[in-house]
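Student: The primary structure of each chain is shown beneath.
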Amino acid sequence: MSTIESLDRLRNEFVRLAEADGHATDQPRQSRSHLRPYAVVAAICCAVAAGAIILSTHGGAGSSASGGSRAGAGQDHGSVGGREVGPPWSVRHPFPGGRRVSLGRARAALGKAITLPHDPLTNTSGMGPISLVTGDHIRGSRTDTSVAISYPKSRLVVEYETPVPYPNPAANYRGYVEDDQQSPSLRHLAYVGSVAGRAALVIRLHADSNRSNPVSVEFVLHGMRIAVIGFQPASTLLRVADSIARGSR
Amino acid sequence: MWWKRRIMETKRLRRSRPNHLSATAFVALYDAHSEPLLRYFAQRTLDPEVAFDLTAETFAEAFASRSRFDPQRGDEAAWLYGIARHELGSYLRRLRVERRARERLDIPPLALSGSDFERIEALIDFAAVVRQVRSVLQDLPPEQREAVVYRVIDDLSYEQIAERIGCTQDAARARVRRGLRVLARTLILPDGDFRGVGAQP
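Heads up: the sequence lines are chains A and B, in that order.
When the first sequence is numbered by my numbering, its final residue is 249 and no position is left out of the sequence of numbers.
When the second sequence is numbered by my numbering, its final residue is 1201 and no position is left out of the sequence of numbers.
The set of hints was computed from the structure by calculation and includes no laboratory data.
Note that this is a predicted model, so its numbers are computed, not measured.
Fair warning: there could be bad hints in the mix.
Said to hold, decoys possible - Across the chosen pairs, the derived CB separations fall in these ranges: (1) B:A1127 / A:E19: 50 to 58 Å; (2) A:N123 / B:E1159: 24 to 32 Å; (3) B:D1070 / A:V192: 51 to 59 Å; (4) A:G175 / B:D1106: 14 to 22 Å; (5) B:T1168 / A:T124: 52 to 60 Å; (6) B:G1166 / A:G126: 46 to 54 Å; (7) B:T1168 / A:E178: 28 to 36 Å; (8) A:R9 / B:A1174: 18 to 26 Å; (9) A:R174 / B:R1104: 14 to 22 Å.
Beta carbons: idealized from backbone N, C-alpha and C, even for Gly.
All chains should be modelled from the sequences, with the hints used to inform the complete structure.
Tutor: Structure (structure tokens):
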């Protein structure tokens, strides 16, 4: 039991869900004994192949194989008990705890071409770190991958996310804006704009109750959610967003 | 044979670690990590309501996707905090906590009581906050600065703050909350990038 009652009430919700679902999820997996001989053969083949690769790449050292899947395990996934779990957010660290990667690696992780903006604010010479966050764990059945490209000199970030976290972007943006209409302090926070004829969610500069938020222009292009975030006027970021949409044609 | 030993070892490991997170194990995970996770969010947002919302959404997202938990990629805590970072990042970008996972699971909105609000505030190390944001305090609007100083530096209760300022407890809480949200931005943006003009020293 926590001293915070709300945590206990939340726990009750999860206990309810676990009880409703536990019967199915706690069952042991169905036996597949008829597949066992094939599995053993396959496992032996894999092990031999893996051994050959290790021997060829590590000179037979036999250390733990550090392939692609280990890269995820090696990153700072955070921790518990008050330990730091990654750097905070900024232009140079757009994702708390994100990994620095090359553009090619980011492209491979997204599984889609990354169209860079073509704008004086986003010269490739001004391009800073590229951050990657992947989450096999996130969004139920989907693998969520986000890439952020920083332009520190322009204090601007362009994010690419796949899959798109909402089925209908225009409806999602309208809902976002309509929600705000009910709150006097957020009434002027965002509006639905347009990027190359597509619906876009535009969050205005310093429009939240703290007067400190950046501008964000968010839209969907070729199955990716793209957001241009910075402290320039919204019209400037819409121009940057437009250059992405035009460049992808 | 070395490869035979490797297969046996792999099988032993797989037997000892389930390849999904059972519903029962999830509740144990909640018990172990709900409060540390709440503290994690509270220290980064300085906002008890936002911190609680983020905690709830993180656990809901984790519950909804627990079948995809892969112990080979890290333990449960690492997995949970991966989701937490994602939720925090999303909140920082979109200025709101998402409710998708909770809606999908039909978890109703849970409002914080006044006492819970203060208990969550207690998870924040205000002494450390004050050290880092002392200069920014001067830039808060006077009524927010006054309320934040009473709460964070003088450690007064909301009842006492309301009495001194001459407003209701709810109004006092709202002033402190607004002020702390401005200060939170200075904490999460330590290198000055993306620091709002309103929060500039």
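Student: Against the range 52 to 60 Å, how does the distance between the Cβ atoms of B:T1168 and A:T124 compare: consistent or not?
Tutor: About 55 Å separates the Cβ atoms of B:T1168 and A:T124, which means 52 to 60 Å holds.
Student: Regarding A:R174 and B:R1104, is the given constraint of 14 to 22 Å on their beta-carbon distance met?
Tutor: Given range 14 to 22 Å: holds, Cβ gap about 20 Å.
Student: Note whether the CB distance of B:T1168 and A:E178 lies within 28 to 36 Å or breaks it.
Tutor: 30 Å, holds
Student: Take the C-beta atom of B:D1070 and the C-beta atom of A:V192, compute their distance, and say whether it sits inside 51 to 59 Å.
Tutor: 38 Å, violated
Student: Quick one: are A:R9 and B:A1174 within 18 to 26 Å, going by C-beta?
Tutor: Once the Cβ atoms are compared, 23 Å apart, the range 18 to 26 Å for B:A1174 and A:R9 holds.
Student: Does 14 to 22 Å hold as the CB distance between A:G175 and B:D1106, or does it fail?
Tutor: Because 19 Å falls inside the window, the suggested range holds.
Student: Could you check the hint for me, namely that B:A1127 and A:E19 are 50 to 58 Å apart, CB to CB?
Tutor: 42 Å, violated
Student: Looking only at beta-carbon atoms, does the pair B:G1166, A:G126 fall within the given range of 46 to 54 Å?
Tutor: 51 Å, holds
Student: Taking the Cβ atom of A:N123 and the Cβ atom of B:E1159, is their distance within the range 24 to 32 Å?
Tutor: 56 Å, violated
Of the numbered hints listed earlier, those contradicted by the structure are 1, 2, 3.
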